[in-house]
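The opening residue of the sequence shown carries number 0 in numbering that gives the first Met the number 0; numbering runs sequentially from there.
Hints in this document: simulated from the structure, not taken from any laboratory.
A portion of the hints provided could be inaccurate.
[To be verified] Computed spacing ranges between beta-carbons, pair by pair:
id, residue 1, residue 2, range
1, K3, A53, 33 to 39 Å
2, K80, Y25, 20 to 26 Å
3, K100, F52, 21 to 27 Å
4, M0, F102, 22 to 28 Å
Cβ coordinates follow ideal geometry from the N, Cα and C atoms, glycine included.
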Amino acid sequence: MTRKYRGYRVKTYTRFFEIFKKDIGYFWGREGFLHCTNMNFIMRVLLVKSGFFAEEDLKLKWTQIWYVSPHQFLQVKVDGKWIDVDIWANVYGVGFGKHAKGFR
């Protein structure tokens with residue numbers, strides 16, 4: 000997913016109304032920018048449909064980035080541990096096991 004989708008700080012605001020879309024087909028046919036909430040929606044669908052994870056193994060979490068902007072990331076339960084997965088922030092150097100916060 001990190002090769003297909005990415006976050007953009009400015010587009011988060013200029014494409015605000017896309018945050019309300021919930022059509023997996025619409026998202027799957029695109030590349031480039033998606034909101035963090037949209038990326039997490041796709042990731043949740045993929046993980047649950049894979050059969051390796053159940054809804055109980057996934058948590059949606061919120062944090063603040065740039066100290067003013069709400070940001071959503073996913074926690075996935077793997078081998079009894081909760082792992083942060085922040086696909087939106089990957090382009091900014093935030094890898095698996097971490098999530099965006101503050102100015103990063």
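Status of the hints after comparison with the structure:
A C-beta distance of roughly 25 Å is found between K3 and A53, which places it outside the suggested range of 33 to 39 Å. Between K80 and Y25 the beta carbon distance is about 33 Å. The supplied range of 20 to 26 Å is therefore violated. For K100 paired with F52, a C-beta distance near 24 Å keeps the hint of 21 to 27 Å intact. Range check, M0 to F102: Cβ separation about 24 Å, and the 22 to 28 Å hint holds.
When held up to the earlier numbered hints, the structure conflicts with 1 and 2 and fits the remainder.
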